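Full structure from sequences and hints, please.
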Amino acid sequence: MTELWGVGSFAVGDRILPYPVSKDDHNRDIGSAMKAVSSLGIHEQSRALVLSMLSEAAQYWPVQIGLLITKAQFSLADASRFDAFRTAMFLKAMHYDVVLGINTDVLDGLDDLGHSYPDVFGKSPVLAARAGAYERLRDAGLSPRWWLHVGPTVAVECDQLAGAHVDGNEWQLDVADGEILLTARNPRAAVVDRLATGVRGEIVTDACACGREDPRVVPRD
Amino acid sequence: MSGETVAGDRYFQPEVETMARADLEAIQEAKLLDLLPYAYERSALINATWTEAGVHPRDIKSLDDFRERAPFISKDAIRVFRDDKGDPYGGLLCFDESELTAITSTSGTTGDPTLVPEVWGGERREDATPALVREFYEIGTRPGDYFTCILFTFRGAFFAMVHSLGAVPVFLDHHPGELRRFVELSLELRPTNLYNFSNVLISELARTCEEMKVDPRDVMSSYHGIVHGGEPLGTRSRKLLDEWGVAGFEHTAVGDAGAATECREHDGCHFWEDSVIAEHLDPDNNETVADGTRGELVVTALDNRTMPLVRFRSDDLVDLTRERCGCGRTHGRIKTAGRKGDEVVIDGQSVLPMDVWEAIERFDETAMGLFQIIRTGQQMDALRLRVGHDGSTKQPDELSDRLMGAVTEATGVTPEIELVPNDDLLRLGPPHKIPRVAKR
Ligand SMILES: [Zn+2]
Ligand SMILES: [Zn+2]
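The listed protein sequences derive, respectively, from chains A and B.
Position 166 of the first sequence, counting from 1, maps to 166 under our numbering, and the rest follow consecutively.
Position 187 of the second sequence, counting from 1, maps to 408 under our numbering, and the rest follow consecutively.
Derived by calculation from the structure, the hints in this document are not laboratory data.
Everything numeric in this text was worked out from a predicted model, so none of it was measured.
Just so you know, even glycine gets a beta-carbon here, dropped at the ideal spot from N, CA and C.
There could be a bad hint or two in this list.
Subject to a maximum C-alpha distance of 25 Å in a straight line, what follows is the list of computed PhoX-like cross-link-like pairs (lysine-lysine) [to be verified]:
1. B:K252 with A:K92
2. A:K92 with B:K556
3. A:K123 with B:K306
A partial selection of chain B residues facing chain A, derived with a Cβ cut-off under 8 Å [what the hints assert, rightly or not]:
4. I299
5. T325
6. S326
7. C370
8. L372
9. F373
10. T374
11. F375
12. A378
13. A381
14. V389
15. P390
16. F392
17. L393
18. E399
Right, here's the structure in full:
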């Protein structure tokens with residue numbers, strides 16, 4: 001096994017599991033993140049706001065490297081209730097083409113501050129939201145896309161709005177009793193073999209109209 | 222304790238860290254003379270400030286010239302430029318915003334967060350930055366170690382420093398809810414260093430260990446030390462760390478131009494003088510005050526080409542010394558006393574949050590040390606304190622009396638006390654600290 005890059009985490013339901021990542025894993029994860037960034041329509045000179053927690057560095061640091069390589073500009077805020085004011089501050093101060101990683105904690109924090117979601121997010125054309133936040137943004141009249149944590153990886157919805165792509169070079173999707181199972185295709189520091197992700201949905205393997213052939217998760221409420 | 226490191230092997234860059242003062246100043250002078258024309262040409266605020274003062278970079282040929290002639294930049298001047306010109310960077314940004322890779326922000330606990338423009342060069346950000354690397358090496362981080370990063374995301378990838386030492390970061394959120402995982406991962410991976418803890422986390426960790434029925438000394442046994450920042454550790458936190466057998470290393474800002482961290486001598490926080498010129502001035506007359514005494518920290522950031530601060534008045538009151546430290550390093554050290562803007566003066570008596578802290582923490586009901594000084598201006602008729610308590614007292618008046626007595630003893634000023642539940646103050650978070658001064 002190659003040298004470790006770090007020990008992050010991922011969630012399955014309410015459980016947070018440790019997630020060791022090797023330097024090789026991390027480099028390949030940057031490749032997956034580049035695909036995700038591109039699926040959100042981010043290009044050179046785009047500006048993105050990234051909402052994450054440090055415990056999620058294994059998922060989100062590759063995204064930041066992906067943004068750097070793309071030459072997109074980005075800002076960072078914690079995806080927490082306490083830090084929701086920072087999300088509101090950035091979105092007030094500047095235009096962001098994409099906000100990604102929106103979760104229910106940030107929305108709860110915006111509720112605390114008395115902000116409406118359309119006021120805060122309305123000017124950003126692409127809102128990539130996690131489970132729970134996706135539904136709340138939609139119910140508030142916004143048009144989010146899926147930014148779906150599936151075990152240790154993130155599935156991202158392209159502009160076809162027909163399910164969220166995972167990187168098929170890295171991950172294999174299966175479904176059992178309506179629950180998505182995740183398997184790593186390549187050796188990793190962490191064993192991920194038919195991991196029950198707690199995500200309910202269907203798998204679509206046809207090539208997408210966006211051009212990506214990566215499989216998609218279509219979540220079910 | 223497994224936390225012993227070899228005394229002779231404490232420098233990451235021995236030559237620079239222990240260099241003679243004259244050589245260090247030669248580095249400063251060379252970097253400064255390179256920086257000044259650059260900043261003068263590109264930073265609108267620096268240009269305007271120097272023009273108004275009738276000084277040009279060509280007038281500055283030495284550090285002495287600089288100290289004698291260079292004009293100051295104040296927080297107010299930056300704010301005024303920002304508001305008048307609608308420039309979020311206050312006239313300090315040295316190129317067009319479109320060339321930035323990232324726009325991050327300061328923590329924002331003491332007001333609105335300020336935008337921090339950054340230029341990260343792809344993977345370059347993962348390279349060694351001498352700053353925190355020297356500190357972590359001094360504390361005892363070595364290749365192959367696990368290193369606990371318990372932090373926020375909003376300043377970006379500080380863990381590059383951990384990688385550059387060959388250590389493996391373990392990523393945790395800076396939040397009391399993460400402490401169970403902190404305990405589990407510490408017992409499993411046995412990390413040797415931690416960045417960074419706060420009073421709130423230390424206090425909560427004691428409780429978490431109790432709930433989990435684990436011995437905090439075991440949890441901490443692999444750590445050579447833990448770095449704590451954001452605000453100074455209170456007496457209770459220091460006592461807990463002592464009980465747990467782990468050393469705390471204070472970490473503090475150097476007026477927005479870098480950071481300073483204690484070495485194993487625990488006698489002030491080293492700042493790196495090959496990257497910052499730190500002056501130490503009388504806030505009232507701008508004269509340099511004596512080594513080892515209290516003054517306002519004024520900084521010039523020598524390595525920052527994005528938004529360099531040149532003679533920036535930090536408003537921070539510090540005790541500063543350049544005497545060679547017991548560790549052998551020649552770089553200066555500071556001890557933070559407080560912020561000019563936090564000071565209240567009652568009948569000529571100056572009171573800073575640090576002055577009342579210990580008096581509040583010493584009682585069980587208020588042991589979390591959550592309090593605010595109510596400050597409508599520097600000069601106040603009375604010392605008014607809002608103090609958080611844990612709700613266990615049946616006699617709040619009696620608790621107020623005890624607090625009044627303790628604060629009077631500590632400051633020489635008898636306070637007015639308003640008791641509120643701890644949660645009311647914690648809600649003012651972020652989770653690691655609360656604003657220590659409130660307008661009402
Ligand atoms: Zn697609
Ligand atoms: Zn020292």
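Now for the hints, and whether the structure bears them out:
For the hint pairing K252 (chain B) with K92 (chain A), the CA-to-CA distance comes to about 37 Å; that exceeds 25 Å, so the pair is violated. Proposed proximity of K92 (chain A) and K556 (chain B) is contradicted: the alpha carbons are some 37 Å apart, above 25 Å. For the proposed pair K123 (chain A) and K306 (chain B), the alpha carbon gap of about 24 Å is at most 25 Å, so the pair holds. For I299 (chain B), the shortest C-beta to C-beta distance to chain A is roughly 16 Å, which exceeds 8 Å, and the interface hint is violated.
For T325 (chain B), the shortest C-beta to C-beta distance to chain A is roughly 6 Å, which falls under 8 Å, so the interface hint holds. Satisfaction of the interface hint for S326 (chain B) is found here, the shortest Cβ-Cβ separation to chain A being roughly 6 Å, below the 8 Å cut-off. Here the hint on C370 (chain B) is kept, as its CB sits about 6 Å from the closest CB of chain A, short of 8 Å. Evaluation of the L372 (chain B) hint against chain A yields a held restraint, the C-beta minimum of about 5 Å falling below 8 Å.
Of the supplied interface hints, the one on F373 (chain B) holds, with its beta-carbon coming within about 5 Å of a beta-carbon of chain A, less than 8 Å. The interface hint given for T374 (chain B) holds, since its Cβ lies 5 Å from the closest Cβ of chain A, which is under the 8 Å cut-off. With a cut of 8 Å, the hint placing F375 (chain B) at the interface with chain A holds, because the nearest CB-to-CB distance is about 5 Å. Annotation: interface hint on A378 (chain B) holds; nearest CB of chain A at approximately 7 Å, less than 8 Å.
Given the 8 Å rule on beta carbons, the hint for A381 (chain B) is violated: about 10 Å separates it from the nearest Cβ of chain A. Here the hint on V389 (chain B) is kept, as its CB sits about 5 Å from the closest CB of chain A, short of 8 Å. Annotation: P390 (chain B) was flagged as interfacial toward chain A, and the flag holds, the nearest CB pair being 4 Å apart, inside 8 Å. For F392 (chain B), the interface hint holds, the least distance from its beta-carbon to any beta-carbon of chain A being 4 Å, beneath 8 Å.
The beta carbon of L393 (chain B) is positioned within 8 Å of a beta carbon in chain A (closest approach about 5 Å), and the interface hint is therefore held. A distance limit of 8 Å between C-beta atoms decides the matter here; for E399 (chain B) the minimum to chain A is near 7 Å, and the interface restraint holds.
Violation of the numbered hints given earlier is confined to hints 1, 2, 4, 13; the remaining hints are satisfied by the structure.
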